[in-house]
Amino acid sequence: LRLIPVEEVLFFQADEKYTLVATKEVDALIKTPIKDLLGGLDPDRFWQIHRSTVVNVSAIETVSRDEQGQASVRVSGRKEKLVVSRTFSHLFKQM
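If you want our numbering, it's the position in the sequence shown, counting the first as 1, plus 1484.
Worth flagging that the hints you see were computed from the coordinates, not collected in a lab.
Being a predicted model, the structure only gives us computed values, none of them experimental.
Each hint can be trusted.
With a Cα cut of at most 25 Å, we get these calculated DSS-like pairs of lysine-lysine:
| id | residue 1 | residue 2 |
| --- | --- | --- |
| 1 | Lys1565 | Lys1519 |
| 2 | Lys1519 | Lys1577 |
| 3 | Lys1501 | Lys1519 |
| 4 | Lys1563 | Lys1577 |
| 5 | Lys1565 | Lys1515 |
| 6 | Lys1563 | Lys1501 |
| 7 | Lys1501 | Lys1515 |
| 8 | Lys1508 | Lys1565 |
| 9 | Lys1577 | Lys1565 |
| 10 | Lys1508 | Lys1563 |
| 11 | Lys1565 | Lys1501 |
| 12 | Lys1519 | Lys1508 |
Between the sequences and the hints, there should be enough to build the whole structure, so can you do that?
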C-alpha cells in the first residue's frame, strides 16, 4: 500500500479493469474507474482529455497535432504521448 499525493500525479489512464496513476517516479494501479476519480479531482487542475485519460494541467509540457488534426499531449517527466479525443479538443483551442 502506498499513498501518492495528488499533486505528484501527472495523469490517470484507464487500463482494462484498473486505472494507471502515473507520476515522475512511479506507476501504480488502482481499481477506481476514471469516472469515479473525476468527482474528487479539481477540474481546474485535472482535465479529462479522453474517455480513458485525465491529465494534470500543470504537468503539460507540449500539445501537438498530427496531419489529421489529432491532438496529443506530452507531460513533463514522461515519454508517452497522450491522445486528446475530439470531444475534449476544445480545451486546447487557446494553446
